[in-house]
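Participant: Spelled out, the chains give:
Protein chains: 2
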Amino acid sequence: MLNPVTDDLLDQLRATLPPATFREMTPAYLEEPRGRYQGQGGALLAPATTPEVAAIVRACAQARVGIVPFGGGTGLVGGQIQPEGPAPVILSLERMRAIRAVHPSENVLVAEAGAILADVQVAAEEAGRLFPLSLASEGSARIGGLLSTNAGGVNVLRYGNARDLCLGVEAVLPDGSVLHGLKRLRKDNTGYDLRHLLIGAEGSLGIITAAALKLVPPPAAAGAALLAVRDPAAALELLAMAQAQIGEGVSAFELIHRMGLDFLAETMPDIRQPWSDPPEWTVLIDLGLGAGQDPGAALERLFAAAFEAGLVSDGLIAQSQAQRIDFWTLRESIPLANRRIGAISSHDISVPLSAIPELIARGGPALAEIGNFRINCFGHVGDGNLHYNVFPRPGETRAQHENKRTAIKACVHDLVHDLGGSVSAEHGVGRLKVEDLERYADPAKLAAMRAIKDALDPAGIMNPGAVLRALS
Amino acid sequence: MLNPVTDDLLDQLRATLPPATFREMTPAYLEEPRGRYQGQGGALLAPATTPEVAAIVRACAQARVGIVPFGGGTGLVGGQIQPEGPAPVILSLERMRAIRAVHPSENVLVAEAGAILADVQVAAEEAGRLFPLSLASEGSARIGGLLSTNAGGVNVLRYGNARDLCLGVEAVLPDGSVLHGLKRLRKDNTGYDLRHLLIGAEGSLGIITAAALKLVPPPAAAGAALLAVRDPAAALELLAMAQAQIGEGVSAFELIHRMGLDFLAETMPDIRQPWSDPPEWTVLIDLGLGAGQDPGAALERLFAAAFEAGLVSDGLIAQSQAQRIDFWTLRESIPLANRRIGAISSHDISVPLSAIPELIARGGPALAEIGNFRINCFGHVGDGNLHYNVFPRPGETRAQHENKRTAIKACVHDLVHDLGGSVSAEHGVGRLKVEDLERYADPAKLAAMRAIKDALDPAGIMNPGAVLRALS
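Order-wise, the sequence lines are chains V and G. Last residue of the first sequence? That's 472 in the UniProt record's numbering, and every number before it is there in order. Last residue of the second sequence? That's 472 in the UniProt record's numbering, and every number before it is there in order.
Bound conformation, chain V alone:
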């Protein structure tokens, strides 16, 4: 059983840590973007160094006080918010935002956990390199949180998830010991891969304090196109065709439903709409090619072959980088439009690529048995990862359908599970999906997770209630 933060604990910490560590709690640390959780925090601590993080963790371990690690606060599953239980320490990494080193010749950058993704991207760019992790919240999401949640985003197809972009981590483990794992190695087979265990553990096994990140040479030329595809199956055929023609040059492959364009037109009329007569399904494809290659020409060739094969009926190829950015603004604004419309239930799901058409074909009719809804299904189709979000009809509100939310979620998640998919593709488990994990995860996996958690964090102080239920 955990204890709440006490003045004694804070006094003890004040004796060894600089005053700047102790912050005034503000509402920003107790909220999350979708407003589902209201957090509580007994104290807000913002250490400036890894030894300071370790000192806090050691003291909390001794006092059996919970710690909620806090990055940019952009997580969508409540991993950064503890709404109940003994008041925890909120440990913010915001003062540890140094880029410790850039090694362009190695394609490596070492950043502290509090570094903001956009700042890491800029540091890489200044060194003539690309850090390819990219997602809508990159202006505020921090490296520690991005790794702890194994963030995805738009470039996973080409460059992988956050875990694939990390060569090593430094972390404070639940006993306060420091894992020195910032190796800048492409190959290291010396024992269990603790890096991959901490990545995606959402702070429940320790606090990542710094990471060695992979950079890549930036593509010499980029291009993008919006293509009107016949249906989701045609989108997948188009993807295969694009990869056969262009190989790894395909950086992103996103699906957009007409519903998303409608939502944009309704809530953000300033966004330029690409189609006069919008097709049901649009694909945004983005290329990054090497020197001497022409993305526009490659996209023209792809369009011609896909048109010939009956996969696409219309297409817009960006004629400038400004137009390419317009295409991306369209895509990246859909989540905000969704928020303005107000989803009854949102689902961050993935299925095997070939199951996407079946998922979409079965999802609508299954939900229609629960009620009359609008569905906006969009996202990273090249990764099999869709955001499948359910909205009220025009003129209705999400509040009117609150009582159907559980049924909607179960309907979508059951279908995804049935198709061999995941009920959390890129957002993680946090606190929102602890029950989903218990329901859908393999029992042997759950048992092993619990055994690992108990072995590394026997008192259960690390992010209590996230990923796994808190011990009671």
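One should not assume that every hint holds.
[Claimed, not checked] Simulated crosslink set (EDC-like; lysine to aspartate or glutamate; CA at most 20 Å straight-line):
(1) K445(G) <-> D414(G)
(2) K445(V) <-> D454(G)
(3) K445(G) <-> D454(V)
(4) K445(G) <-> D175(V)
Keep in mind that the hints were calculated from the coordinates and are not lab data. Here the structure is a predicted model, which is why all the values come from computation and not from measurement.
For this one, chain V is given, so just place chain G on it according to the hints.
Facilitator: Chain G in isolation, oriented as in the chain V frame:
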């Protein structure tokens, strides 16, 4: 404390398992390629299904009998051989060699652990895809062992290590439960990544029984060149130049020292030598490009720019696939030539890319203080992974220097550690490097590894003594 295999245990297993499970022990299961270990095995069991594997593990867990998982037997660190302690069950995956499914449209192949790498490569090729894991022992190494050791090989630069080519695993955990993790998903953030924990654990946390493997579209055209580089620093500059010009199209980038060519000339005179006057350092670069691109032309451009920059002095660009294969035969025969010469001590090490010149510059003089040796340093320089092997002078034998082996190993490993490197880049820890792990690994890492091992395998039955010391 473990027990040896008993007739009682075997009788109990015979009651539930088919007779074909029980095999006659042969020396092949008690040897390893370098002859450093002589194994012992109380029984050889070769189950045909995952439930059969589970039944064996459950019975062994109950009887506290050790299990040594056995794949292709090609491991170089003794992970598949238990030379001491109570006689274990040797559990061979050789009968589980099915390719369970190929999903070309998803770029996924599902193989059982006993499938031989070359067979997986062929199955991928028949589906119009490429499984890019490739290494010298691919004709006998099996998928389960390749994943358990996180094998590397020649295409890591482009496609990653074995772990990067695996989407999911099915495994039997030390309590005999089956982890059903064969998801064919590119994104799945539902809890701790047990896949990555089992991969590289060398059978010490469970037995991988099947895996969902990533395929890629095969490059449309391949090309290769041998380039005489000024020195190791020039090799790294050449790599950066190649990646800037050709991007992900660079599939492999291997370093060859003149010593390797000398060994080939001495032990395998039939191998065609590329140079009349061999340079000290040669790079083998391999390209795989998309449709419409010309690898030969790309290599010519690269050579011209590198020559201009003073990085290379001579070059041979393969004029045919046959010649490309010749280049690779040269590279892939070096390990066999090494074996025929007879190394005093071999080292599979990695360092940050930019530290390679310093490693090579310091290594020779440091070893010269121990004795007069020949050094063959070669390998996957694009990954920072070199095989740094130390041989007797001509006319001497390794036996004459046996007493210097410990000092040689410590000299090389201390230097590597000092440069932030790894003393096992791709071969793993096995039993050969348990002490190295204890000496060089971060204490917090070692403690966490031990806690995880004890939590998942409290009796210590899984591959006792591999990676971590056996409990006594």
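Participant: Each of the hints needs a verdict: does it hold here or not?
Facilitator: Structure-based check of each hint:
Distance restraint check for K445(G) and D414(G): the Cα-Cα separation of roughly 19 Å lies within the 20 Å cut-off, and the hinted pair is therefore satisfied. Of the pairs offered as hints, the one joining K445(V) and D454(G) holds, with about 17 Å between alpha carbons and a cut-off of 20 Å not exceeded. Between the alpha carbons of K445(G) and D454(V) the distance comes to roughly 17 Å, so the proposed pair stays at or under 20 Å and holds. Restraint check for K445(G) and D175(V): the C-alpha separation of about 12 Å stays at or below 20 Å, so the hint holds.
Against the hints set out earlier in the document, no violation occurs for any number.
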